[in-house]
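Visitor: Guided by the hints, dock chains D, C, F, L and R onto chain A, whose structure is given.
Protein chains: 6
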Amino acid sequence: MDNKKRIVDLELRDRITEVFYIKEAEFRLRRNGRIVDGFLKIVDNSGEIEAIYWDISSEKLKEIEKIKLALIEGQVIKKKNNGQLQMSIKSLKEASEYKEEDFIPSSGKNIKDVMRQIDEKINSINNQYLKNLLVSFFDDMIFREKFKKAPAAKKLHQAYIGGLAEHTINVANICEAICKIHPQVNRDFLISVALLHDIGKIEEYQLNGTIEYTDKGKLIGHIVIGTEMIQERIKQMIDFPDDLAIMIKHTILSHHGKFEFGSPKLPSILPAVALFYADDTDAKINGLINLKDQNKNIDRKWSEWVWWLERPIYLAEQNIMEESVKETKEDLEE
Amino acid sequence: MDNKKRIVDLELRDRITEVFYIKEAEFRLRRNGRIVDGFLKIVDNSGEIEAIYWDISSEKLKEIEKIKLALIEGQVIKKKNNGQLQMSIKSLKEASEYKEEDFIPSSGKNIKDVMRQIDEKINSINNQYLKNLLVSFFDDMIFREKFKKAPAAKKLHQAYIGGLAEHTINVANICEAICKIHPQVNRDFLISVALLHDIGKIEEYQLNGTIEYTDKGKLIGHIVIGTEMIQERIKQMIDFPDDLAIMIKHTILSHHGKFEFGSPKLPSILPAVALFYADDTDAKINGLINLKDQNKNIDRKWSEWVWWLERPIYLAEQNIMEESVKETKEDLEE
Amino acid sequence: MDNKKRIVDLELRDRITEVFYIKEAEFRLRRNGRIVDGFLKIVDNSGEIEAIYWDISSEKLKEIEKIKLALIEGQVIKKKNNGQLQMSIKSLKEASEYKEEDFIPSSGKNIKDVMRQIDEKINSINNQYLKNLLVSFFDDMIFREKFKKAPAAKKLHQAYIGGLAEHTINVANICEAICKIHPQVNRDFLISVALLHDIGKIEEYQLNGTIEYTDKGKLIGHIVIGTEMIQERIKQMIDFPDDLAIMIKHTILSHHGKFEFGSPKLPSILPAVALFYADDTDAKINGLINLKDQNKNIDRKWSEWVWWLERPIYLAEQNIMEESVKETKEDLEE
Amino acid sequence: MDNKKRIVDLELRDRITEVFYIKEAEFRLRRNGRIVDGFLKIVDNSGEIEAIYWDISSEKLKEIEKIKLALIEGQVIKKKNNGQLQMSIKSLKEASEYKEEDFIPSSGKNIKDVMRQIDEKINSINNQYLKNLLVSFFDDMIFREKFKKAPAAKKLHQAYIGGLAEHTINVANICEAICKIHPQVNRDFLISVALLHDIGKIEEYQLNGTIEYTDKGKLIGHIVIGTEMIQERIKQMIDFPDDLAIMIKHTILSHHGKFEFGSPKLPSILPAVALFYADDTDAKINGLINLKDQNKNIDRKWSEWVWWLERPIYLAEQNIMEESVKETKEDLEE
Amino acid sequence: MDNKKRIVDLELRDRITEVFYIKEAEFRLRRNGRIVDGFLKIVDNSGEIEAIYWDISSEKLKEIEKIKLALIEGQVIKKKNNGQLQMSIKSLKEASEYKEEDFIPSSGKNIKDVMRQIDEKINSINNQYLKNLLVSFFDDMIFREKFKKAPAAKKLHQAYIGGLAEHTINVANICEAICKIHPQVNRDFLISVALLHDIGKIEEYQLNGTIEYTDKGKLIGHIVIGTEMIQERIKQMIDFPDDLAIMIKHTILSHHGKFEFGSPKLPSILPAVALFYADDTDAKINGLINLKDQNKNIDRKWSEWVWWLERPIYLAEQNIMEESVKETKEDLEE
Amino acid sequence: MDNKKRIVDLELRDRITEVFYIKEAEFRLRRNGRIVDGFLKIVDNSGEIEAIYWDISSEKLKEIEKIKLALIEGQVIKKKNNGQLQMSIKSLKEASEYKEEDFIPSSGKNIKDVMRQIDEKINSINNQYLKNLLVSFFDDMIFREKFKKAPAAKKLHQAYIGGLAEHTINVANICEAICKIHPQVNRDFLISVALLHDIGKIEEYQLNGTIEYTDKGKLIGHIVIGTEMIQERIKQMIDFPDDLAIMIKHTILSHHGKFEFGSPKLPSILPAVALFYADDTDAKINGLINLKDQNKNIDRKWSEWVWWLERPIYLAEQNIMEESVKETKEDLEE
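Chains as they are written, first to last, in our numbering: chain A, 1 to 334; chain D, 1 to 334; chain C, 1 to 334; chain F, 1 to 334; chain L, 1 to 334; chain R, 1 to 334.
So that you can see chain A by itself, here it is in the shape it has in the complex (with noise of 0.2 Å):
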C-alpha cells in the first residue's frame, strides 16, 4: 500500500481513489420519503473520515450494506473548524483482494529485530527456572506468531501490529537501567517478569478492522489470563519452585500498580515496583510521542485534553528547543 494517498494527508477539493475499510454505515430516507442517503465512517491504516453517499439506489443498497472493504471514488467537501474532513462519495465497490489487517496500523519498527532483541535478553538470563518459562513461550511458535501481531493498547500506546512486542523490548530495557543504577535490584527475576509481563494482552484483543477488545479481555482481563498462561506453562515443568511461581504471578497480577487500574493486588516485593514503574513509563511516554505525531501537521501550541492524563499537553517544546539552539548558533556566528 506504498503509494497510496493516504487519509491523514487529505485536503478539502482532494479527489482520491483508494481502497477502505466501512467501519460504520447509516442509511436515511430523506423527507421527500424517496431519496436515501448514506453517512459512512471509512479507515485506512492512517486515519478516519466521514464520508457521504448522496442519493444510493436500492439495489447499491442492499449491496453496500455488506460490503466491509471498498474501492471509493470521492472528492472532501468540507473542513470543519476543528480540522476533521468531510467527503463526497461518488462510487463504491467491494474490494475483495484485500485483508482487513491491512487496514490496521503496524508498528513502525522492524519486528524481526525487535523478536532477536527478546531472544537476546532471554539467553542472558541465568536462573534456569526462569530461562526454561521464557523459552517455553517464545520458542513456541504460535505464541510467537500471536505475540509478533498483537498491539500493546487499544488506544493509548503503541496501538498497532508489532506494538506488545516494542513494548515489551522498551520495558525489559529501563529495567535494564534500573539493574545497573540499583545492583541489589535481582536482575534474571525482573528481566524475566518484563518480558512475560503482558502476554495477556494476545487473547484481550482482537483485529477487526480496527483494534477491539475481546469479550474475554473486557470480562477476564490480560493481568488475569497472562497469569493463567504463566500458571498452565509452569505445571507442566519439573519442580519449578513454589514460592517462585508465587512470586512471578504477584508481579503480573500486581503490575498495573493500582487497585484502579485492574491490578488485584500491590506490587509488594522490589522486582514489582520496578516492573510498574518501567512499564508505566514506556506507556505514558510513547502515548505522548504518539499524541505530538498526530498533532505535527497542526498549527497549535495546546493539545486537546487527554484523557489518560487528565490534561492537554504543550505541544511546543521540540521548537523552543530547537529555536534556542538557533540563537545560540547565530550568537556565536558574530
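Rather than coming from a laboratory, the hints here were simulated on the basis of the structure.
It should be emphasised that the depicted structure is a prediction, and the values quoted were computed from it without experimental measurement.
Hints should not be assumed to be uniformly reliable.
The calculated label-pair distances, taken between Cβ atoms and stated as ranges, are [stated by the list, open to error]:
{"#": "1", "chain 1": "L", "residue 1": "Asp37", "chain 2": "A", "residue 2": "Thr17", "range": "21 to 29 Å"}
{"#": "2", "chain 1": "A", "residue 1": "Leu207", "chain 2": "L", "residue 2": "Glu63", "range": "25 to 33 Å"}
{"#": "3", "chain 1": "A", "residue 1": "Lys180", "chain 2": "R", "residue 2": "Glu97", "range": "36 to 44 Å"}
Calculated cross-link-like contacts (lysine-lysine; reagent style BS3-like; alpha-carbon spacing at most 30 Å) [to be verified]:
{"#": "4", "chain 1": "F", "residue 1": "Lys296", "chain 2": "R", "residue 2": "Lys326"}
{"#": "5", "chain 1": "D", "residue 1": "Lys112", "chain 2": "D", "residue 2": "Lys41"}
{"#": "6", "chain 1": "F", "residue 1": "Lys284", "chain 2": "F", "residue 2": "Lys146"}
{"#": "7", "chain 1": "R", "residue 1": "Lys154", "chain 2": "R", "residue 2": "Lys112"}
{"#": "8", "chain 1": "R", "residue 1": "Lys235", "chain 2": "L", "residue 2": "Lys218"}
{"#": "9", "chain 1": "R", "residue 1": "Lys60", "chain 2": "F", "residue 2": "Lys78"}
{"#": "10", "chain 1": "R", "residue 1": "Lys235", "chain 2": "L", "residue 2": "Lys146"}
{"#": "11", "chain 1": "F", "residue 1": "Lys155", "chain 2": "L", "residue 2": "Lys258"}
{"#": "12", "chain 1": "L", "residue 1": "Lys131", "chain 2": "F", "residue 2": "Lys292"}
{"#": "13", "chain 1": "F", "residue 1": "Lys301", "chain 2": "D", "residue 2": "Lys5"}
{"#": "14", "chain 1": "D", "residue 1": "Lys218", "chain 2": "C", "residue 2": "Lys93"}
{"#": "15", "chain 1": "C", "residue 1": "Lys41", "chain 2": "C", "residue 2": "Lys258"}
{"#": "16", "chain 1": "D", "residue 1": "Lys79", "chain 2": "D", "residue 2": "Lys109"}
{"#": "17", "chain 1": "A", "residue 1": "Lys301", "chain 2": "A", "residue 2": "Lys284"}
{"#": "18", "chain 1": "F", "residue 1": "Lys301", "chain 2": "R", "residue 2": "Lys301"}
{"#": "19", "chain 1": "C", "residue 1": "Lys292", "chain 2": "C", "residue 2": "Lys112"}
{"#": "20", "chain 1": "D", "residue 1": "Lys109", "chain 2": "D", "residue 2": "Lys60"}
{"#": "21", "chain 1": "C", "residue 1": "Lys296", "chain 2": "A", "residue 2": "Lys218"}
{"#": "22", "chain 1": "C", "residue 1": "Lys155", "chain 2": "C", "residue 2": "Lys112"}
{"#": "23", "chain 1": "F", "residue 1": "Lys5", "chain 2": "F", "residue 2": "Lys68"}
{"#": "24", "chain 1": "F", "residue 1": "Lys148", "chain 2": "D", "residue 2": "Lys301"}
{"#": "25", "chain 1": "L", "residue 1": "Lys79", "chain 2": "A", "residue 2": "Lys301"}
{"#": "26", "chain 1": "D", "residue 1": "Lys154", "chain 2": "R", "residue 2": "Lys301"}
{"#": "27", "chain 1": "L", "residue 1": "Lys79", "chain 2": "C", "residue 2": "Lys90"}
{"#": "28", "chain 1": "R", "residue 1": "Lys326", "chain 2": "D", "residue 2": "Lys218"}
Yeah, the Cβ is synthetic: ideal placement off N, Cα and C, and Gly gets one too.
Guide: Structure of chains D, C, F, L and R alone, referenced to chain A:
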C-alpha cells in the same frame, strides 16, 4: 475442653490452672542487672490475656523460649480502665499433648448439616455443566475436608473453623431469595457461583494458633486462587463451553465489587452484581452479630470504632426493642 | 391504550396515527426566511422519538405551541447508526380527551396484589408501637393512594406508577430472607423500617408527562421528607418510646448507606445496615433487569455505559446459559 | 472558683489542694498481691492531669469508686517529654457542694451581651414570616436558656458553655459583611438562617463533666434535629409560605457544604452557599485561635498534627509580626 | 458602545447591523461542489451567537479568513430548544477602527473608586515592611495599569476588565470583618496578603477577543508567578525580615487551600487560613450572582449544571422572598 | 568513627562506652518525691536507642540538660518483643570534641565520583543556554558544597549526607535510558532538568543531629525554592529565551506529578512527564532497598506497614531467587 475456665470469663483476683497457647513473649532484665521478667500474651479459643512471669531463672528462660502450648498457673492481678485484665504467672510448663488447632474458635453450627445443605443446592442445579463443575469440587474428598475446616475470614466475619461453609450456604440462601423476587435472574448460574465464590480461601489462610494469611494468600489472594482452581477443573471437563467458563471466572474475579477490594474486574453481568450484594450482605451482618456478641457483657451503648465500617455501632437496639415490647404488654395488662 | 402501535415497536418506513405527549418542541426558520419547520420530541408510555413537522403555517404554529397531547399522523423516515429513529409528521391536532398520566409507564405487577402483601407484612408485626405506626400510614386513604401511584425512582429502578409499592415489598422480602438466615436480627424492626424506608418519595416526584422531581424533592429529598412524615405521626401517638423513635428515624436517615448518596448519618445499628443492603440490592437488580429489557431487541453483547454502575454491562449471559442447556440436552440425546 | 490553682498553671513539684472532677479511674493490684494503687484522670475547667493514688485501703477504694467531685491534695511528680504532668495524690474526699457544670469551660464573652446582639439582629429583619419564626424561638424561655448554655462543638471550636451563642453571632456578622459587599444577597434570609443554623445543637450535646454527644446527637445529628425544630414551629404559624419553609430547611440541611460532613443536600441557593462559608470560616478561625492559645506557653514553632486540618500549624507568626514591628521602630529611632 | 444592539438582547426575526468580533469560522463546500457557506461564531461584550454566511464568493472567502473585527448585517433565523439563537449574515466587512479589547466585558464598578479603596487599605497598614512592599507594587505605574485591566478569572467570577481589582478589595473587606470578630488575627498581615494574593493574574491572562490563558499562565500559574513577583520586590528592599518574607510567600502559595486547586502548600498559619476562606467566599458568591444574572430573563427555576459547584442552582429564591414580603404587606393592610 | 561499636549492632547485655548524640531527654521524680530518673533517646549514625539514667543528682541534672553530645557508658538491659533495645546509663559526660554532623549517616558512594559524573553530564549538553545555567550552579562553590552535603529526603530515600547528589545522578541515568529507547525525547532538556530538579532541597533540610525540615522547607518547599533559585540565575543571564525559562520552571514545578504531592502544576510537556517517572522510580526503588537493608538481620518475611507505599513488603524474594539458583545447580550436578 468443656469445663475449662476460659479467658473470656476471668475476673480480677481469679486463680486459674489451664493450658494456653503462647502467642508472644518478651523478656526484660531489671535495672539491678540480675533478675529477668517475662511478659507474655497467651490465648485460648475464647480470647487473649497479658501474663507476667516475674523473676525467671536462666534455665527456665531457655525452656520457655521454645514452648508454644503451656500449662499455666496464675492469678489475675490488674483490671485496666478499658476492662483489659493482666495475669501474674506462678508456674509454666510445656503441654505437648494438645494441638494448636484446639485453640482456634469453631463455628457454632453443625458442619455436617451445613455441608448437607450445600449438597442439596448442588442437586437442585439443572445445568449439567455447572452441576458437574460443582460435583468435581464437593465430591473431591481432599477439597471437601479443606473446605469444611476453612474460616471465611481472618477477623471480620465467620472467622472460625467451618466459617467458610457457613458463609457459603448463607450467600446461596440470599441468592435464592433474590431469584424468587426477580425470576429474571438465572438461578442455576447464581446458585453455582454462590457455592464457588470463596473456594480460594482454602489456600488463603493457615491455622497457626490463630488464623493467619499464607504468603500465597497475601501475594495472590483468594480471588485469583479460586479462579485458577476453577480453570483447572474446567480444563479437565470435556466440552465445557468457553463462554460459560469466562462468565464463571468473571463472576468470581468481580465478586468483591470494587477494585480497591481486590477485584480486577467490576461485576458486569446481572448475576455477578447479585452475587456481590449477597456476599457483602452476609459478611457485614455476620460481622455485626459477632461485634454485638463480643460486647454483650459490657455495659455501654456504643461499640469501639469498627474499622471495616469506619464508624462505631450503637449496641442498645435489641434492649430498646425488648423494652418497648414490655411496655406494650404492661399497657395491655392494665 | 391496548391495540396502540407503540414507539418501542416502530420500524423504518412505518406509518402511524396515534396520540402522543409532546415533551419538547423547537421551531426553525429556513434560510429562505419564510418557511418554519418544527422539531419535536414525542413520547408514549413505551419510549420517545424525534419527529419533524415540515413547513408549518403561522396559524398552525401558534396552535402547536400550546399543545401537550396530540393526535399525530406520520412516517418513520430515518434510522440512525445507533438504532434511533426519526419521524416525519403529516398532521397534528390536540387530543384533549387524554390525561398526561396515561403516558407514564406503570408497574407490570398487580398493584392490589402488592398492597395486599404489604398489609400482610404489617399484620405479622408483633410490636404494637411499630404496628400502630405502620397502620397510621397504610390505613390512611390519602397516603395509601399517593403511595400506590408513586414511582420508586426517576430513572434507575421501578421508574413507573406503582414502582414504589413494588420496590417496598421486594425490600421487605429480602429483609425476611436475612432474618431467616440470621435470627439475631430483630424482625419486627427490620420489616417495619423496610415498609417505611422510601415513603418520602410520595412528595419527591411529580408526574408531568414524565416522572420529574419536585422542588421539595430536590431541595429537601425523600430521606428527610420521610423522616418528617414519621416524626409527625409519632407525635400524635401516645407514649411512643423516644428511643424507638430515634432508632426508626436513624434507620430512615441512614438507609442510603453513604454520605455522598444523601444520608446525613451512616447506618449505625444492625437493622440499619441490613436495610441498606436490602434496598440497594433490589434497586440495582431491578435496574439491571430494566437495562436488559431495553436492550432485548438490539443485537449487541454489551450495553452502553451505565452511569449508575460506571461501566457497560454484558448482555449475552442468558443466551449463553440457554445455549449451554441446549448443548447438554443434545449430549444426552446422543 | 477565682483564686483556685488551675491545672493549666501547674509546674513540676507544685503542691495543690483543690476540688477536681474525676473523669476516669483505674485500680491495680501490685504484684505482691496485696496493695492496690489508683490511676486517675482528673479535670478542672482549665485542663486535665493524670494523678496516682498509691496504696489505697479497701474501705477507701469502695468510697472512691462512687466519687465524681473530690477535694484532692497532691503534688506534681513527673514532667513527660511532651510537657504532660503527673500528680501523686496524698488525700482525696468527696466535694458534694460543687456542681459538675462548674468544671466545664465557659465562653470568655459576656453571654448577656451576645444574646442582646442576637436580639438586635432579629429586630432588624423586615420579612415578617422570618422575624416571627426567629421570635418564636428566641422569646421562648426554655429554648433561650438551653441555647445560652449550649456549646458550639465537642472539641473543635467554641467548645464551652455559651459557645453556641458566640458562634451564632459571629456567623451572622460574617454574613452581614457579605451582604454589604454583595447587596444582591438577600439580607433578611441570610441573617435569619445564620441565627437558626445550629439550633439543633441544644439536643446534640450533654454536659456530663465534659461535653458529650447524646445518643440522639449521634444517631440523628443537629442538622436534622434543627430542621425538625423549625418544621414544628412553622406548622404552628398561620400561612407560612411553603416555598419559604422549604428554602429555610434546605439551607439548614445543606450548611455543612459537603455530603461527608453530614449534609444530605448540597447548598443550592445563593444564601445557602454564603451561610456555608460564613459558618466554616468562623469555626476554623476560632479553632485555630484555641490551638494557638493552648500552645502559647510551649516553646515550639509548630503545633502537633491538627486532625481537622490534616496538617500541623506554624505558631510563630504573631512573634514574627511583632519582631518586624520592633525592627521598624528601631530603624525609625536611629 | 452605548446604543448598540447587544447579542444578549436579540430575538428571533431581529435584524441587526453592528460590529462583532469573529471568534471562530468554518467554511463548507455544498454537495454540488461549487457553493461555499461559512459558519461563524461572533461575539460582542454581552455574549456569543452562531451566524451563517450563505454562498460566499472565492474573493470574499479570502478576505473573511483574515478578519477579526467585522461590521455585520444579518437577521436572527433560528431559536433552538435551549433558547440559543442562530443568525443569517447578509453582509460582512472589516471594521478596523475598533479594538479587540472593546469586545471584552468590563466591571460594572468604577475602577478609580476601587483603586482608591485599595490605596486607603494600604495607608492603614502600620507595619512598615508590609506597607513598603504594597507601595512598591501599587505605586509602580506599570503594575498599577496592568492590575486595573486584569480580570479575576477566565469564567467563574469577576471575569471582566477590572475584575481583579474588584475581587481584591472584596477579599480585603471580608478579611476586615474577620479581624473585627476575631481580634487575635493580625490585621496588618491579613489585609496585606489580601491585597497581594492574586497579583500573579496580571500575567496569567491575556485579552484576545475573549479572556484567555497565557502559556505562562498555564505552565506556571498565577500562584507561583505572584510569589516570584513578591520575591523580586523583597530582594530590592533593605533588611526585609526573612521570616516575614517566608510567611508572605507561604500565604500566597497556599491561598487556594487545597493541593488539587494548585496550591503547593496548605495554609499553615492562621492568616493563611483566613485568606483562603475570604478568597473562596468572594469568588463563589460572585460566581453565583453572575449565574443568576445570566438566567434572569429565562423562565426556569433551576439553572443548568454548574461545573464549579457540581450541582444545578435553584434560581427562584429572590422571587420567593419578594412574594413572601408582599403577602406580609397584604396581611398588614387587611 | 571506624572501630566504634554502633547502635545497630548492640545486643541484650552488651556493655558499651561511646559518644552519642542526645536527641531527646525527659526527667521524672520518683513517687518518693526525692529521686529523679532520666529517660533519653540517643543516636549515632547507625540508629537510635532508649537509654535510662537512674537516680541523677541535682548537679548532674543541670549539667545534662545542656549536653547534646556525650560520652556514655552503659549496658543494654531490655529487648522488647519487636526487637527494640533499652540501655541503662552508668555514666555520662560531655564530648565537646565531636561535631553533630558526624552523627548523621552518609552516602555509601564516593561523593567525588558522583560529582564527576554530574560534571560529565553537564559537559555533554549541547544547548548553550542550558549548559550555562547548569554551570552557573555547579561551578558556584557555595552551591556545590551545599549540594554535596544535602540529603535527598528526610526519611524515605537517600536520607543521608550526599544523598541529593546520588539521587540526582540516578535520575539523570534513568532519563538517559529513556532517551535511548525514545530518541524523540529532547536529551539536552531532559538531562538538564534532571540535574536541577531537586536543587531546592539544599534549603529544605537542615542537619541538626538528624535530618530536619527548615521552616522555609515546610512553608515554601523545595519545589518552589528550586524554581526561585533557577529564576534568579536566569535573570542574570543575557538573552535567556523566555519560553525556555518557562519550560524549565514548569518542569521543576510539576516534577512530583500530582497536586497532592505538592506540584502546583501537572507535567504538561513530554520531558516533564519523563522526569516525573525517572524521579519517582529512583526514589521508590532506593526506598525499598533501604527497607530491605533495615530488615536484613530480622527473621521475618514481611516488613512492617510501609507508609509511603500503604502496604507491607515481602522481604524473602532475594532468598527465593538464590534458593532456586542453588536447586538448579544441584540438578545439574546430579
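Visitor: Mind checking the alpha carbons of A:Lys301 and A:Lys284 for me, to see if they're no more than 30 Å apart?
Guide: 20 Å, holds
Visitor: Straight-line Cα separation of F:Lys5 and F:Lys68 no greater than 30 Å?
Guide: Distance ~19 Å between F:Lys5 and F:Lys68 Cα, so the pair holds.
Visitor: Is D:Lys79 within 30 Å of D:Lys109, Cα to Cα?
Guide: Violated, at about 33 Å.
Visitor: Between L:Lys131 and F:Lys292, does the CA-CA distance stay at or below 30 Å?
Guide: Cα-Cα ~26 Å, so holds.
Visitor: Just to be careful, I want the Cα atoms of F:Lys284 and F:Lys146 compared with a cutoff of 30 Å; is the pair within it?
Guide: 24 Å, holds
Visitor: Would the hint linking L:Lys79 and A:Lys301 be met if the CA-CA limit is 30 Å?
Guide: At roughly 35 Å apart (the allowed maximum being 30 Å), A:Lys301 and L:Lys79 break the hint.
Visitor: Within a Cα-Cα threshold of 30 Å, do R:Lys235 and L:Lys218 meet the stated pairing?
Guide: Holds: R:Lys235 and L:Lys218 sit about 21 Å apart, inside 30 Å.
Visitor: Need the status of pair F:Lys301, R:Lys301: alpha-carbon distance at most 30 Å?
Guide: Given pair F:Lys301, R:Lys301 is violated - Cα atoms ~41 Å apart, limit 30 Å.
Visitor: For a C-alpha distance cap of 30 Å, please report whether C:Lys292 and C:Lys112 respect it.
Guide: It holds: about 27 Å lies between the C-alpha atoms, which stays within 30 Å.
Visitor: Given the proposed pairing of D:Lys154 with R:Lys301, does the C-alpha separation stay at or below 30 Å?
Guide: The hint holds at about 19 Å.
Visitor: Within a Cα-Cα threshold of 30 Å, do R:Lys154 and R:Lys112 meet the stated pairing?
Guide: It holds: about 22 Å lies between the C-alpha atoms, which stays within 30 Å.
Visitor: Keeping to a limit of 30 Å between CA atoms, is the pair of D:Lys112 and D:Lys41 held or broken?
Guide: At roughly 34 Å apart (the allowed maximum being 30 Å), D:Lys41 and D:Lys112 break the hint.
The structure is inconsistent with the numbered hints 2, 4, 5, 13, 14, 15, 16, 18, 20, 25, although it conforms to all the rest.
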